Each structure stands twice: as C-alpha cells, then as structure tokens.
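Participant: Sequence:
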Amino acid sequence: MDKDTFDLLRVKTFLERDPNADVIIIANGRELADSYWKRIKEHLGIEKRPYIITNGNTWDGYPFADSLVLKIGRWWENRNAREVMLHTKLAKLTLPITYIPPFERG
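By the working numbering, the letter at position 16 of the sequence shown is numbered 12, and the numbering carries on one by one without gaps.
Derived by calculation from the structure, the hints in this document are not laboratory data. Small disclaimer: the values here were computed from a predicted structure and weren't measured. Fair warning: there could be bad hints in the mix.
To be verified - Result set (PhoX-like, lysine-lysine): computed pairs, CA atoms no more than 25 Å apart in a straight line:
id	residue 1	residue 2
1	K85	K8
2	K8	K34
3	K34	K44
Start from the sequences and build out the full structure, keeping to the hints where you can.
Facilitator: Listed below in structure tokens is the structure:
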C-alpha cells in the first residue's frame, strides 16, 4: 500500500461499510475543504455532499450522530473547533486527514 493513500483508504473503507453516513468536514478554510473533498470524490467516485464547517458559518443542526467527521489541514484554528469536538463523540468515526493525493486520469 502506498503511504500517500492511507488516509484515502480509511475514508473509502468507512464509506463502503456505511454508505448512508453523512460526512462532516472541519477545516480552517472553505477552499481547503473543497479541494480535499474534490480529491476524495474523484478517487472514490462518490456523489455525496458533505457538510463543511469553516470559520465563517454556523453549524447548528449538522447531523453528527452516526457520521464521518474529517479534520482537514489546520482544523484546530477554526473558531468553531472546540465546540465541534464536543459533538464528535456522537460520530461513528473521526479522522484527521493529512494528505490526499491528486487524482490522475488514465
């Protein structure tokens, strides 16, 4: 197994076991969260739409119960991080994502 695809493999394994689970992403910026999710979608070929928590938005009503929470980049700098981490106890799995390789066609 390529070490660069370890995080991707963990996400893939979880979504194969529980395809109906919601995905919640916490990141410091919207662009970073979108780029990581785009890479995950391209690699796995899924059409889910994640809930993204960034500094400028509210996250009331997000479905933390039985979800997959992805902590991307410098997620701890998100002003909502402390409160979100209290709710991740309800999630099925919380994964820190360090790297997802770019998708190469061909």
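Participant: State for each hint whether it applies.
Facilitator: Status of each hint after checking the structure:
Pair hint K85 plus K8 holds up; C-alpha atoms about 21 Å apart against a cutoff of 25 Å. Of the pairs offered as hints, the one joining K8 and K34 holds, with about 14 Å between alpha carbons and a cut-off of 25 Å not exceeded. Of the pairs offered as hints, the one joining K34 and K44 holds, with about 11 Å between alpha carbons and a cut-off of 25 Å not exceeded.
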